[in-house]
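For the protein sequence lines, the chains are D and S, in the order given.
This note's numbering puts the last residue of the first sequence at 390; the count rises by one with no breaks.
This note's numbering puts the last residue of the second sequence at 152; the count rises by one with no breaks.
Hints listed in this document are in silico derivations from the structure and should not be mistaken for laboratory results.
Computed from a prediction, not measured in an experiment: that's the story for all the values here.
Quick reminder that beta carbons are idealized off the backbone N, C-alpha and C, glycines included.
Hints may be right or wrong, so weigh each one.
[Said to hold, decoys possible] Cβ-Cβ distance ranges computed for the label pairs, FRET-style: (1) S:Glu106 x D:Lys21: 44 to 50 Å; (2) S:Pro92 x D:Asp197: 33 to 39 Å; (3) D:Ser20 x S:Arg146: 54 to 60 Å; (4) D:Glu18 x S:Gln26: 48 to 54 Å.
[Unchecked claim] Covered, in the sense of this in silico footprint (three residues per stretch, anywhere, with C-beta under 8 Å from a C-beta of chain D), are these stretches of chain S: (5) 61-72; (6) 104-116.
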Amino acid sequence: MNGGIGDRTAIVGIGATEFSKDSGRSELRLAVECIKAALDDCGLTPADVTGLAGFSMDTNLEIEVANNLGIPELTFFSRIEYGGGAGCGGVAQAALAVAGGAADVVVCYRALNERSGHRFGADISLQPVSGPMMALMAYGAPCGLMTAGQFAAMYASRYLHQYGRTTDDFGRVSVTFREHAANNPNAFFRDKPITLDDHRNSRLIAEPLRMLDCCQESDGGVALVITSAERAREMPRRPALIRAAAQGAATPQGAMTSFYRDDIATLPESGVVARKLYGSSGLGPKDIDAAIIYDHFTPYVLGQLEEFGFCGRGEAGDFVADGHLGLGGSLPTNTNGGQLGEAYIHGMNGIAEAVRLLRGESCNQVADIANIVVTSGAAVPTSGLILAAP
Amino acid sequence: MGVTTTGTASPGAAPADPALRARPQQTRDTVWWFDALREHRLLIQRCTGCGRLRHPVGPMCPACRSLDWDTVEASGRGSVHAFVVSHHPQLPGFDYPLVTALVDLEEGTRLLANVVGCDPSEVRIGSALRMEWLDIDAERAFPQFRLAAVPA
Chain D
1 MNGGIGDRTA IVGIGATEFS KDSGRSELRL AVECIKAALD DCGLTPADVT GLAGFSMDTN
61 LEIEVANNLG IPELTFFSRI EYGGGAGCGG VAQAALAVAG GAADVVVCYR ALNERSGHRF
121 GADISLQPVS GPMMALMAYG APCGLMTAGQ FAAMYASRYL HQYGRTTDDF GRVSVTFREH
181 AANNPNAFFR DKPITLDDHR NSRLIAEPLR MLDCCQESDG GVALVITSAE RAREMPRRPA
241 LIRAAAQGAA TPQGAMTSFY RDDIATLPES GVVARKLYGS SGLGPKDIDA AIIYDHFTPY
301 VLGQLEEFGF CGRGEAGDFV ADGHLGLGGS LPTNTNGGQL GEAYIHGMNG IAEAVRLLRG
361 ESCNQVADIA NIVVTSGAAV PTSGLILAAP
Chain S
1 MGVTTTGTAS PGAAPADPAL RARPQQTRDT VWWFDALREH RLLIQRCTGC GRLRHPVGPM
61 CPACRSLDWD TVEASGRGSV HAFVVSHHPQ LPGFDYPLVT ALVDLEEGTR LLANVVGCDP
121 SEVRIGSALR MEWLDIDAER AFPQFRLAAV PA
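Sequences are here, hints too, so could you generate the full structure?
Structure representation (structure tokens):
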């Protein structure tokens, strides 16, 4: 450990609403429900919370969250741009705030009616994104390149070409995570595994991507409670130590629109995060026992595995085909079924799953988990964590 | 808000009206580039400090930090760097399946544009392209590309 925030803070509570396609209630209500559940999980109350962190894309203002939960005062609040890239970054900022004394207890939250409300599979202009983000997307508007699936497809087309791979590489990612989801009672796709043929025959969305390359659209909320490791020792649940936390962007950077880099079949912002996580923890890919890899679209799972050094460049398809991401593999990944299988809560449900793995409470528990890599939205300015058993 | 899509075009259906296409959000730094398209000029920003071409456009050269720039006009010749054949969801003003390419312009910058006038299965990474103009309305024109005959 070379200083910094390593092991000084922990995720001590997790909470979630049900995951559905139509929550039937407001995003603010989802937010306060999941935050209350996360506080209950660790024996704290809203009066203990002094910080809130998370996503600028979340429609729930921190002050409205505080107003409704009855959080008396906030000494730290921070929200991060770039959609799903924010997830682990919120935890990173919470950890910095706690380690630096800006707040004692910080809650990270994400609550959205992403299926029944503003669907993220649609034209990005229909989603709650900022003016500057829309200006960033301007070059795609006149030629109809305005959805996340299309942005991912552009990367995927170059990836396949550059490494001479086939879309079956994408399909095996989906098959693996749906197998995990099949055993998860909270997953939308519980008891619904798929085959590679199902993937091959699924509807074309944006070639080379098919429906089963795309994560779900979901309604729901997830919250995480972060406090000091010292305080965590007095709390009821086994803490997930924040061994390393990092954000990453790599110029020239877009938001799934990094089309102007020399090599667009890479995810250098994920590489920035990986180097920072490994560098600050002294760990390397061989020390990681399980992973939560952000799976908005299957091709980005491959690229992230490569950027984090779990396999070589262009080798992730073989790595997945060899079963490494499975429950019996060398790197059990997205044991909850991921966003392809469980739900799409901007990756926050994946962070919660990492905490469950460290507690020994996953629906697909694997033995001897000491260090877990968690990633956030890939291909946008992103973030990541190494969570560890105490 | 819900999803806004046009219906799936059936064979023989009338082509979509390009005037329905979303307008790009412009800023003080980008409006000149979009304005030039109206005059059928595809411009590439050039740093007058170091000569570097850049796209997307912006106020400062990231190589030499000069704020001074002029433009060069693109020839309209290029090739496919990567491409997407879009099926769903369908945005207003476009016909589907829709080919959108990341074009390597011969000047060295890249550009997002549609490839039209061919079966999508004919498009390959590396395919040579030639530019033409789509006049959307009195205020808007945009470059699009066709597959160019490649010398044998």
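We went through each hint and held it up to the structure:
Checked against the hint of 44 to 50 Å, the pair glutamate 106 of chain S and lysine 21 of chain D passes, with Cβ atoms roughly 48 Å apart. Take proline 92 of chain S and aspartate 197 of chain D: their Cβ atoms lie about 35 Å apart, and the range 33 to 39 Å holds. At roughly 46 Å, the beta carbons of serine 20 of chain D and arginine 146 of chain S sit outside the given window of 54 to 60 Å. Our hint of 48 to 54 Å for glutamate 18 of chain D and glutamine 26 of chain S is violated, since their Cβ atoms are close to 42 Å apart.
Counting residues of the region 61-72 of chain S whose beta carbon lies closer than 8 Å to any beta carbon of chain D gives 1, which falls below the threshold of three, so the coverage claim is violated. Counting residues of the region 104-116 of chain S whose CB falls under 8 Å from any CB of chain D gives 6; the rule of at least 3 is met.
Against the hints set out earlier in the document, violations occur for numbers 3, 4, 5.
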